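For the record, the sequence lines run as chains A and B.
Heads up, the first sequence is in my numbering, so the first residue is 441 and it goes up one at a time.
Heads up, the second sequence is in my numbering, so the first residue is 283 and it goes up one at a time.
Among the hints, erroneous ones may be present.
Below are the BS3-like pairs computed for lysine-lysine, each with C-alpha atoms no more than 27 angstroms apart in a straight line [claimed, not checked]:
{"no.": "1", "chain 1": "A", "residue 1": "K762", "chain 2": "B", "residue 2": "K284"}
{"no.": "2", "chain 1": "A", "residue 1": "K575", "chain 2": "A", "residue 2": "K507"}
{"no.": "3", "chain 1": "A", "residue 1": "K740", "chain 2": "B", "residue 2": "K307"}
{"no.": "4", "chain 1": "A", "residue 1": "K507", "chain 2": "A", "residue 2": "K446"}
Not the full set, but computed from the structure, chain A residues with beta-carbon under 8 angstroms of chain B [claimed, not checked]:
{"no.": "5", "residue": "D506"}
{"no.": "6", "residue": "I733"}
{"no.": "7", "residue": "F737"}
{"no.": "8", "residue": "V741"}
{"no.": "9", "residue": "L745"}
{"no.": "10", "residue": "L747"}
{"no.": "11", "residue": "L749"}
{"no.": "12", "residue": "P755"}
{"no.": "13", "residue": "L759"}
{"no.": "14", "residue": "F770"}
Please keep in mind that the hints were generated in silico from the structure rather than gathered at the bench.
Please read all numbers here as calculations on a predicted model, not as lab measurements.
Note that CB positions come from ideal geometry on N, CA and C, so glycine has one too.
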Amino acid sequence: MLEGGKITSKQMILLLFTSRMITWIAFLFVIFAPPGNQDVWIDCLMALPLQLLLALPFYFLAKRFDKQSFFEYTTAILGKPGKGIGILYILFLIHMSALSIAQFSIFLTTVLMDITPPLFFKITLLILSAFAAYKGIESLGRFTELVAPIGMIVVLGVVLALVKDMDPKEFLPFLESGLFPSFFTGLYIFSTNIELIMMAVLLPFLNHRGKLNTVYIGFPILLVVFLFTLTATVIALFGYDLAKTMTFPFYSAIRTISLGNIIERVESIFVAAWLLGLYVKMALYLYVTVLGISQIFRLKVYRPLLLPLVSLIVPVSTLLGKNIVEMNEFTSFEIYPWYALNFIFIIPFFLLLTAIVRRKGEYRP
Amino acid sequence: MKVIAVILVFTVIALIQTPDLVRKKQWRELVVSSLLLTLGFILSFLQVIGIELPNPNKGVEAVVRFFTS
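Chain A on its own, in the form it takes in the complex (with noise of 0.2 angstroms):
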């Protein structure tokens, strides 16, 4: 048994919720995307329907195999085949975790820490997740119970301090370009969420499971409540022209925060409340790439593999982010969603399909 460990439904949301929303915090890139103007609020709603009705592939894969993670059932329905589809996960989730590395040392560097080595707070980040992922699926959870609410209530505090310098004649007009556009954004919005695949690497250890319609339906709820709650906070601060002329729209409106000229450069705690979700997003991506390592290789235990893995880790996000403007390229609206979509839409649709076919695993309603 690689894990024997259990998390509560709770929990599992706000796992997931964590590491999608810290990137979001610090790299608002809907606000790039189209309409491109004030209406991009309405993309963040439309992310809901569309994530609900586009990640129904693993959805019901897990209803298929319930006592079966996502790396076991590959091979389950393709058999050995099923291995390369694995091993093409793992080099995603290793691109992606690399990915995420290199945008935070860069937040870090551009607007705190700019003299600091970027390697510096890599190594020392990774090393401390390493840590927090070798204690296994269970503490990671209650750690998380503990520090998702913290990272919460300082980003509604920063939107309630905001408050009174919003307009809300910065949303105006309304649809100028049409629902379409919105549309596409909200596809893109969806792309992003490569934590679905954690979802479905994880289920197996949610401890009643009947609530795995609760963490189908909780995560995306909260994660466009928030999104929509920071993006609509910068459009009404800000307005969308200056808006977009941002590399870090959300700290910005951090930085403005004056209450009564005595409240002011609360920014700090505000990143230090940033890194915590952040630990929390490397853990769990460390965790969720040796696990499936484990699972492919049928190894029993998955520990010794995390630090060979964070030294694989770093030598690839020093190559990914080597300047901003390259990074954002590639995580662009026209890039991105091409790449992602594949694999948390396509080849889990076709996984489905499949198993349909040959009758693998039994639907269990």
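Given chain A's structure and the hints, the job is docking chain B onto it.
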């Protein structure tokens, strides 16, 4: 100097990992972890001695642009 540091770090990781796996006779684990470690070592070493490696993002971008345009 940097080269020595990289070699030192990877040696330390290998020394932490390997004895335990050999003692418990977990050969599959040993093979997979040394594979990861070797890949990491090659990538770090090439970067440290100053060889420009291609950025994987560029490859993905090229493929996506080929299919979408």
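Hints not upheld, ascending by number: 5
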